[in-house]
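Protein sequence lines, in the order shown, are assigned to chains A and B.
Just so we're aligned: 92 in our numbering is position 92 of the first sequence, and the numbers increase by one with no gaps anywhere.
Just so we're aligned: 303 in our numbering is position 303 of the second sequence, and the numbers increase by one with no gaps anywhere.
Wrong hints could be hidden among the right ones.
[Said to hold, decoys possible] Derived CB-CB ranges, DEER-like:
| id | chain 1 | residue 1 | chain 2 | residue 2 | range |
| --- | --- | --- | --- | --- | --- |
| 1 | A | Trp282 | B | Arg199 | 41 to 47 Å |
| 2 | A | Arg207 | B | Arg199 | 21 to 27 Å |
| 3 | A | Arg43 | B | Glu264 | 57 to 63 Å |
| 4 | B | Arg284 | A | Arg207 | 36 to 42 Å |
| 5 | A | Thr27 | B | Val314 | 24 to 30 Å |
| 6 | B | Arg18 | A | Arg278 | 26 to 32 Å |
| 7 | B | Arg18 | A | Arg207 | 53 to 59 Å |
| 8 | A | Pro39 | B | Glu316 | 17 to 23 Å |
| 9 | B | Asp109 | A | Glu324 | 33 to 39 Å |
| 10 | B | Gln26 | A | Val314 | 21 to 27 Å |
| 11 | A | Arg289 | B | Val314 | 17 to 23 Å |
| 12 | A | Arg18 | B | Val314 | 35 to 41 Å |
| 13 | A | Arg31 | B | Gln26 | 26 to 32 Å |
These are calculated hints, taken from the structure and not from any lab test.
For glycine and all other residues, C-beta sits at the position ideal for the given N, C-alpha and C.
There are 2 protein chains.
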Amino acid sequence: MSNSLEAVRAGDRLALARLLTQVENQTPAGRQALNDLFPYTGRAHLVGVTGSPGTGKSSLVNRLAYAYRHPPQGQLPRRVAVVAVDPSSPFTGGAVLGDRVRMRDLTGDPGVFIRSMAARGALGGLARSTADVVQVLDAAGFELILIETVGAGQSEVDIARLAHTTLVVESPGMGDDIQAIKAGILEIADVLVVNKADRPGVDHTERALRAMLELAHPARRQFAGHHGAAMDATATAVDETPAEELWLPPVLRLIATTGVGVAELAQAVDQHADYLRRSGEWKRREAARLQAELEMLIQATLMQRWRQTLSDGVYEEVFARLAERQLSPYEALERLIQ
Amino acid sequence: MSNSLEAVRAGDRLALARLLTQVENQTPAGRQALNDLFPYTGRAHLVGVTGSPGTGKSSLVNRLAYAYRHPPQGQLPRRVAVVAVDPSSPFTGGAVLGDRVRMRDLTGDPGVFIRSMAARGALGGLARSTADVVQVLDAAGFELILIETVGAGQSEVDIARLAHTTLVVESPGMGDDIQAIKAGILEIADVLVVNKADRPGVDHTERALRAMLELAHPARRQFAGHHGAAMDATATAVDETPAEELWLPPVLRLIATTGVGVAELAQAVDQHADYLRRSGEWKRREAARLQAELEMLIQATLMQRWRQTLSDGVYEEVFARLAERQLSPYEALERLIQ
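So here's chain A without its partners, still in its complex pose (with noise of 0.2 Å):
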């Protein structure tokens, strides 16, 4: 392993910083460097923490940053890594306003280390980079690793999937908005968070998230088996599975701003990380992420060598004699692979 490696491993934060932007530029140094460091991954507990623009979740993510620095007498601060997502911004890798409002209560902190991602035209996408660079900030010996994502869709929901443990933050007083609705993102969640508690209409938020949960029940015992879902008899009955295997996401209250609620917070992730290693899916997950990966990564490759081989211009000409119907699917399926 090259001297900066050792440096990453050993705490440098600006080795780190520097070979996080190798890695996120994709550079030749970058992946051979998360070659080397790949056997000293899988520690981390990763958290990805999810929800719509407004629900406060950078904050939340700060407190519960600075809770796993202090923790209660009798247990050890933890290192924790922010990684911050947002596919919509053009930033990356350095100081964002964000992150200087975020930095203030954790600055000077060996122990937190903080990272802005941004959208590039990267193989594979923000899913792969942000990948990759919870890769490095595990080796590096981040024993939590934060993942925010901004924004929603394929990508947020893809991005939860690197994560052991998905938080959903929601928040009273944008009327009936939730956003826990979306595709996906229900069924994804461990955690749900009620930020904002101190406003009007945070009963109604907290009940519509019971509600939506209830209701996802039997969705999450079909489809999502591999996450603990309900907890009552008839699931039980269903699944087979002993109801102590089972998780039913917690629906918590929390003022980000007072940091009312993040203790309690912070005790459920570590409630959710002991639940998936005693039930085995801690591994199952994990062997799922990679095979996930792996197979993104393979397809990411040979559609980008495939379309190497296209001239320009050809892929346009022919879809539009497709939608033309003079092509059929399978005969410009023919013309774009030789």
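Using the hints, position chain B against chain A.
Below, chain B alone, put in the same frame as chain A:
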């Protein structure tokens, strides 16, 4: 065009059934027929019908087909095909029990054709074969093609994407278990149907569906912009789309066993087709559909060719080493792709 294709286009049912078997088995003759028939496609209204087992989906499809064959006075009967897709069924193409039951009212009617499809290990899977079968039925002159999907998950969503109009069927009496909340389903619904509306709990089910539609509005506006959605003033202001261009999915009550509400459902389906044509959405969905189909074919073909380059057991061996962290994802990729 061959004699047999002429026969299919002229309404010969035996020729059609034989051709569909060729197409499902992906024979060279089937592939050739798809190419030859493709210029005659694009006329049918494709209607997806999805919902959990036990919601009475098949009876509903049966009734709906019957309603189009026996329209109100002043309207002409239309030719209807039913494609019943069951990813969990080992049966295909033939005389499964369900077909016989549903044939009771439709039997002997040359304007109705019913085909059952089941999962195969085929290129691109069931969504692929369903697309091919639908193309043949379209070219054969069926004006309405009802694509019924049992089961759920990604394959159901993929199949629903083949349709111009998607009906999501629920029923009361399954407790609070609302299927539509499941990832992606609510977002693709153009018409929601509460079947078995004579059962207790129907008010609750309808209310829950309406509440979820309300909740889903922001998500629909933001992430499913290709589907018409909210008609409230806010949505219009945000979208800057004229209100008359938007489609608010209706929630309809129905009793498939007696036929109550079926005429209204047939009408809603026709109204949605009108909306699609009027708004230009029909053309956009057709182009998106064909593009998705082409990319699905390209990806499947590339992956298939790549798999053929692998010796037996190589993938499993490489993945095992990845899971043990002896190989990084990029190293695994390099071993699997030359």
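Verification of the supplied hints:
1. Trp282/A - Arg199/B: 41 to 47 Å: 43 Å, holds
2. Arg207/A - Arg199/B: 21 to 27 Å: Since Arg207/A and Arg199/B have Cβ atoms about 26 Å apart, the given range 21 to 27 Å holds.
3. Arg43/A - Glu264/B: 57 to 63 Å: The hinted range 57 to 63 Å holds for Arg43/A and Glu264/B, with Cβ atoms some 59 Å apart.
4. Arg284/B - Arg207/A: 36 to 42 Å: Distance hint for Arg284/B, Arg207/A holds at roughly 38 Å.
5. Thr27/A - Val314/B: 24 to 30 Å: 29 Å, holds
6. Arg18/B - Arg278/A: 26 to 32 Å: 56 Å, violated
7. Arg18/B - Arg207/A: 53 to 59 Å: 57 Å, holds
8. Pro39/A - Glu316/B: 17 to 23 Å: Holds, at about 20 Å.
9. Asp109/B - Glu324/A: 33 to 39 Å: The hint (33 to 39 Å, Cβ to Cβ) holds, given that Asp109/B and Glu324/A are roughly 34 Å apart.
10. Gln26/B - Val314/A: 21 to 27 Å: Between Gln26/B and Val314/A, where Cβ atoms are some 26 Å apart, the hint holds.
11. Arg289/A - Val314/B: 17 to 23 Å: At 21 Å between Cβs, range holds.
12. Arg18/A - Val314/B: 35 to 41 Å: Holds, since Arg18/A and Val314/B (Cβ atoms, about 36 Å apart) stay within the stated range.
13. Arg31/A - Gln26/B: 26 to 32 Å: Check failed, 39 Å falls outside 26 to 32 Å.
Violated hints for the displayed structure, listed by number in ascending order: 6, 13.
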